[in-house]
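Chemist: The residues making up each chain are set out below.
There are 2 protein chains.
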Amino acid sequence: MAKKCIGVDVGGTTVKIGILDEEGTLLKKWEIPTRTEECGSRILPDAAESILAVLKEENIPMEDVLGAGLGVPGPVLTNGYVSRCVNLGWNGMYPGEELSALLGGLPVKCNNDANVAALGEMWQGGGKGYENIVMITLGTGVGGGVIIRQQIWNGVHGMGGEIGHIHVRDDETEACNCGSKGCLEQVSSATGIAREARRLLAATDRPSALRGFGAGVTAKDVLDQAKAGDEVALEVVERVASYLGRALTLLTLTIDPEIFIIGGGVSKAGQFLIDAIRKYYVKYETLSEDRPLIGLAKLGNDAGIYGAARMVLG
Amino acid sequence: MAKKCIGVDVGGTTVKIGILDEEGTLLKKWEIPTRTEECGSRILPDAAESILAVLKEENIPMEDVLGAGLGVPGPVLTNGYVSRCVNLGWNGMYPGEELSALLGGLPVKCNNDANVAALGEMWQGGGKGYENIVMITLGTGVGGGVIIRQQIWNGVHGMGGEIGHIHVRDDETEACNCGSKGCLEQVSSATGIAREARRLLAATDRPSALRGFGAGVTAKDVLDQAKAGDEVALEVVERVASYLGRALTLLTLTIDPEIFIIGGGVSKAGQFLIDAIRKYYVKYETLSEDRPLIGLAKLGNDAGIYGAARMVLG
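Top to bottom, those sequences are chains B and W. Each residue of the first sequence is one higher than the one before, starting from 0 at the first, in numbering that gives the first Met the number 0. Each residue of the second sequence is one higher than the one before, starting from 0 at the first, in numbering that gives the first Met the number 0.
No lab work stands behind these hints, which were simulated from the structure alone. Backbone N, C-alpha and C define an ideal beta-carbon position, used for all residues, glycine too. Every clue listed holds true.
Computed list of chain B residues with no C-beta within reach of chain W, every gap over 10 angstroms: (1) 2; (2) 36; (3) 51; (4) 97; (5) 201; (6) 234; (7) 264; (8) 297.
Per label pair, the in silico range of CB-to-CB distance: (9) W/30 <-> B/198: 55 to 65 angstroms; (10) W/30 <-> B/77: 33 to 43 angstroms; (11) W/24 <-> B/78: 25 to 35 angstroms; (12) W/130 <-> B/106: 21 to 31 angstroms; (13) W/127 <-> B/77: 17 to 27 angstroms; (14) B/77 <-> W/56: 39 to 49 angstroms; (15) B/267 <-> W/100: 47 to 57 angstroms; (16) B/91 <-> W/127: 25 to 35 angstroms; (17) W/205 <-> B/128: 52 to 62 angstroms.
From just these sequences and the hints, can you work out the full model?
Modeler: Shown next, in the form of structure tokens:
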């Protein structure tokens with residue numbers, strides 16, 4: 000019987016779990032609530048209990064399971080140590096070791112969820128067929144994951160691929176969550192795109208369909224109206240794309256992967272967004288025309304399950 | 000008898016060659032002129048001939064030589080292909096394979112000289128004891144070399160670590176050699192530092208010892224006068240250091256090595272320069288106080304020989 004890998008993606012609201020085979024076929028997936036009370040001490044026992052129950056239900060004996068991978072929403076050191084996971088209430092623990100003990104000594108690997116999602120996209124998503132990718136997740140914030148030679152590159156201090164805090168803008172006046180000014184996240188996250196729209200609307204009296212959304216204008220509104228041809232919305236998208244193009248150029252001149260994979264809620268704008276980014280990327284990256292590709296993520300919320308399971312294969 | 004590795008560092012003026020043992024002791028080094036005539040077709044035969052003669056002279060039999068490494072001043076693809084090496088006259092060739100054939104089939108590995116120097120510094124220089132380093136060479140231009148898990152990371156298209164062309168300055172008006180504006184090289188190479196000094200001197204009538212050097216003011220003059228307390232020179236150093244601090248922050252948020260190694264002619268300013276850079280690096284890198292170290296290169300012009308020989312060990 001083919002061997003199985005278990006992928007566990009711990010989020011602030013739910014824990015997503017999947018059973019995959021070694022070829023990367025998702026055989027079964029489910030989720031359980033994340034119980035963050037009592038410093039999150041129930042999260043891993045809940046997950047382990049659920050995994051053991053499903054394996055039994057599916058008649059999968061433990062000896063057919065190669066191991067489990069665990070993605071967590073915070074920095075994970077090379078030795079598996081998590082000093083703090085704000086969304087889960089965790090403080091100073093080795094979640095991989097804990098889950099392993101709860102699963103009868105099954106090998107468990109643990110890494111940061113953005114990195115794990117990048118590995119998932121490399122295995123079965125937009126980066127399939129490539130071994131070196133950088134994934135950029137444009138959500139409420141901007142996350143990044145770096146895969147080099149088919150392995151997650153976390154950085155020595157857990158800051159590898161923290162590209163949301165790359166400096167891209169000298170004239171930014173507001174401070175980012177991290178304390179700096181001019182971070183990529185400030186202009187290209189969903190929050191940042193909405194803010195750019197509000198700024199541009201306030202700075203001009205040009206007509207725009209975006210005015211109808213008031214202060215509650217979202218990144219999706221901006222992208223939808225830009226696609227529909229609204230000039231102010233298009234200008235916001237151009238500005239956002241220029242900073243993303245700048246960031247991809249920086250990533251090319253440091254990591255130079257085969258492909259950039261753009262994911263997260265904002266990436267639902269699809270090829271329209273990719274084309275806008277590429278316009279600036281090609282303009283700024285002047286060293287070589289043989290440069291990394293840009294593609295869309297394909298696995299959506301399942302990327303974490305795939306990537307966590309892929310960690311088991313080394 | 001202990002096995003030997005040969006390091007060959009091809010420059011535009013001389014080819015530096017060294018014989019090292021597996022522990023990284025430089026047993027012998029010498030150099031020969033680089034003959035760039037006839038599209039550089041004599042360079043590798045000259046090197047091979049010289050290597051064979053010295054091995055004979057030193058009574059080192061070929062079976063004691065594990066292999067040779069070759070550093071060349073231009074981009075080298077993963078398969079060893081060099082499409083163009085301007086300083087040598089080379090066009091479309093596999094220099095590693097050619098040198099191997101000239102040395103009777105000895106295994107030869109080839110890579111870009113900046114990357115090779117970084118590997119040398121990791122092995123026996125400022126990065127000794129570390130496995131993940133980024134080297135920044137501040138010379139006429141600004142070069143970079145990335146070592147991840149003890150191996151050169153060249154990038155997929157040969158642009159990994161091309162940090163001289165990282166964008167750090169939005170208000171730059173002049174164009175860089177690469178065609179962009181605001182590259183790190185424009186402000187922190189020896190050429191760039193001298194230019195910043197000329198700019199600042201022209202923009203003010205404050206007294207400065209730098210005025211005595213006229214238009215021929217060099218980076219060394221700026222650093223020497225800054226150390227001596229000249230206020231205008233100090234302001235130039237602050238400006239240069241701020242952009243370097245910005246670049247190290249970018250490199251932390253992408254690659255996050257154990258240590259940055261600063262080399263090249265400008266780095267002769269020593270700890271004074273490192274301290275100036277660190278001041279801004281610590282200010283800009285706000286994500287974690289546990290961050291990459293900054294150190295000085297130690298091997299000078301021999302880094303290429305060491306790194307080339309180290310490639311032999313895999």
